[in-house]
Amino acid sequence: MKKTTWFILGGLLVALLLAGVVSNFASGSPDGLDSASTKGCTLDENDEITGGSCMAQNAKDAETADSPFADYGISGIGNSYVSTGLAGVAGVLLTFAVGGGLFWLARRRQPAESRE
Amino acid sequence: MEAVALHISNGVLNGPVSAIYGVIALVALAYCVSRGRRDLDDRLAPMAGLVAAFIFAVQMLNFPVLPGVSGHLLGGAMAALLVGPWVGALCVSVVLIVQALVFADGGVTALGANVANMALLGTAVAYLLIALLLRVLPRTPTGLGITAFVSSVFAVLAASQGFVLQYALGGTTDLEHYSLGAIAGLMAGTHLLIGIGEGLIAAVTVVTVARTRPDLVYALRGLKRPQPATAQGVAA
Numbered sequence: 001m002k003k004t005t006w007f008i009l010g011g012l013l014v015a016l017l018l019a020g021v022v023s024n025f026a027s028g029s030p031d032g033l034d035s036a037s038t039k040g041c042t043l044d045e046n047d048e049i050t051g052g053s054c055m056a057q058n059a060k061d062a063e064t065a066d067s068p069f070a071d072y073g074i075s076g077i078g079n080s081y082v083s084t085g086l087a088g089v090a091g092v093l094l095t096f097a098v099g100g101g102l103f104w105l106a107r108r109r110q111p112a113e114s115r116e
Numbered sequence: 001m002e003a004v005a006l007h008i009s010n011g012v013l014n015g016p017v018s019a020i021y022g023v024i025a026l027v028a029l030a031y032c033v034s035r036g037r038r039d040l041d042d043r044l045a046p047m048a049g050l051v052a053a054f055i056f057a058v059q060m061l062n063f064p065v066l067p068g069v070s071g072h073l074l075g076g077a078m079a080a081l082l083v084g085p086w087v088g089a090l091c092v093s094v095v096l097i098v099q100a101l102v103f104a105d106g107g108v109t110a111l112g113a114n115v116a117n118m119a120l121l122g123t124a125v126a127y128l129l130i131a132l133l134l135r136v137l138p139r140t141p142t143g144l145g146i147t148a149f150v151s152s153v154f155a156v157l158a159a160s161q162g163f164v165l166q167y168a169l170g171g172t173t174d175l176e177h178y179s180l181g182a183i184a185g186l187m188a189g190t191h192l193l194i195g196i197g198e199g200l201i202a203a204v205t206v207v208t209v210a211r212t213r214p215d216l217v218y219a220l221r222g223l224k225r226p227q228p229a230t231a232q233g234v235a236a
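Those protein sequence lines, which keep their order, are chains A and B.
Sequential numbering of the first sequence, starting at 1, is according to full-length UniProt numbering.
Sequential numbering of the second sequence, starting at 1, is according to full-length UniProt numbering.
It should be emphasised that the hints constitute simulated quantities derived from the structure, not laboratory data.
C-beta: ideal position from N, C-alpha, C; glycine also.
Don't take each hint at face value.
[To be verified] Below, simulated DMTMM-like cross-link-like pairs (lysine to aspartate or glutamate); rule was C-alpha separation at most 25 Å, straight line:
hint, chain 1, residue 1, chain 2, residue 2
1, A, K60, B, D174
2, A, K39, B, E176
3, A, K2, B, D41
4, A, K60, A, D71
5, A, K60, A, E48
6, A, K39, A, D61
[Unchecked claim] Listed next, the stretches of chain A that the computed footprint assigns to chain B, with coverage defined by at least 3 CB atoms under 8 Å from CB atoms of chain B:
hint, region
7, 51-61
8, 67-77
9, 94-108
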């Protein structure tokens, strides 16, 4: 197999480990945008807006909130480590398939002397 | 389980502004495709797929920046260094589209706004700095690492202010307690810290690739400069 293929596979393995395992140790706090978006509002213990005035006041659920992968989990899997990990693995593979596929289709075809 | 919202949700920006940014994003992405195709060959295409997948993975890794506030990598600077600005912007866009359509992260109506901030503005600012810095700094792993760090910090700051501009143009709530200036300051403060985190991740990643396979780093071939005989490290 070509050296580059091995590099891509190695990189994918790292990405799978990050999304599948390390992701469970990520901070659960709201990110910079999310935290600024609720400044000025009062929140209940589920971080739902209860009053005040803030940027996220009229925020609505994503159209895809019913997706089986919504919120980086897999619906129906109770164990949150497994759920997050599998969602991460699925996301990495899907992103690689979609991105890599589109980039492959869009690539500039090389003349016959390509380095196979 | 907490809802994970990393990007702009539906309903935060009004319809017209969301639509305008959707059009801007579409036009800009089409341009990126046409420019990026010149860079995309049999070797860059799978590498770009990997960069997109890697950004997806690292975006899941929120790191704490302040008590109760976290941040995650956006990825534009890293992508621009590894696969060039045009393909790099497309990589980040692919991640944002997958996140919105499959993971319910970021509203679909806000997709244009999210793409404009993180994939377009962030990557553009990063690439301007990359082009500048790599003319001054040595093209060694150290030089690349510094470039990755600095360009990431400013790309993240720019993306955060891109959102403030969008909110100024079409935010759906009239804020009673905070002025837009205060929001801009808040966003700049947290995103400076997030940018530093992203900069460290991007620097480690790019330096690792440059040490393993320098031939796969776009920034090491994109800038047409005579290769000095003493390109230590990079050529090794």
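Compare the distance between the alpha carbons of K39/A and D61/A with 25 Å, and conclude whether the hinted pair is satisfied. Distance ~19 Å between K39/A and D61/A Cα, so the pair holds.
Would you say the region 51-61 of chain A counts as covered by chain B, given the rule of at least 3 residues with C-beta under 8 Å? The restraint on the region 51-61 of chain A holds, since 10 of its residues have a Cβ under 8 Å from chain B and three suffice.
With a Cβ-Cβ cutoff of 8 Å, does the region 67-77 of chain A contain at least three residues near chain B? Held - the region 67-77 of chain A has 6 residues with a Cβ nearer than 8 Å to chain B, which meets the minimum of three.
Checking one constraint from the list: CA of K60/A to CA of E48/A, max 25 Å. Satisfied? holds, 12 Å
Would you mind confirming whether the straight-line C-alpha gap from K60/A to D71/A stays at or under 25 Å? holds, 14 Å
How about the region 94-108 of chain A: do at least three of its residues have a C-beta closer than 8 Å to a C-beta of chain B? holds (count 14)
K60/A and D174/B were given as a pair; does the straight-line alpha-carbon distance stay at or below 25 Å? holds, 17 Å
Quick one, are K2/A and D41/B close enough, alpha carbons at most 25 Å? With Cα atoms ~16 Å apart, K2/A and D41/B stay inside 25 Å; holds.
For the pair supplied as a hint, K39/A and E176/B, is the alpha-carbon distance within the 25 Å limit? Distance of about 10 Å is within 25 Å: holds.
When each numbered hint is compared with the structure, no violation occurs for any of them.
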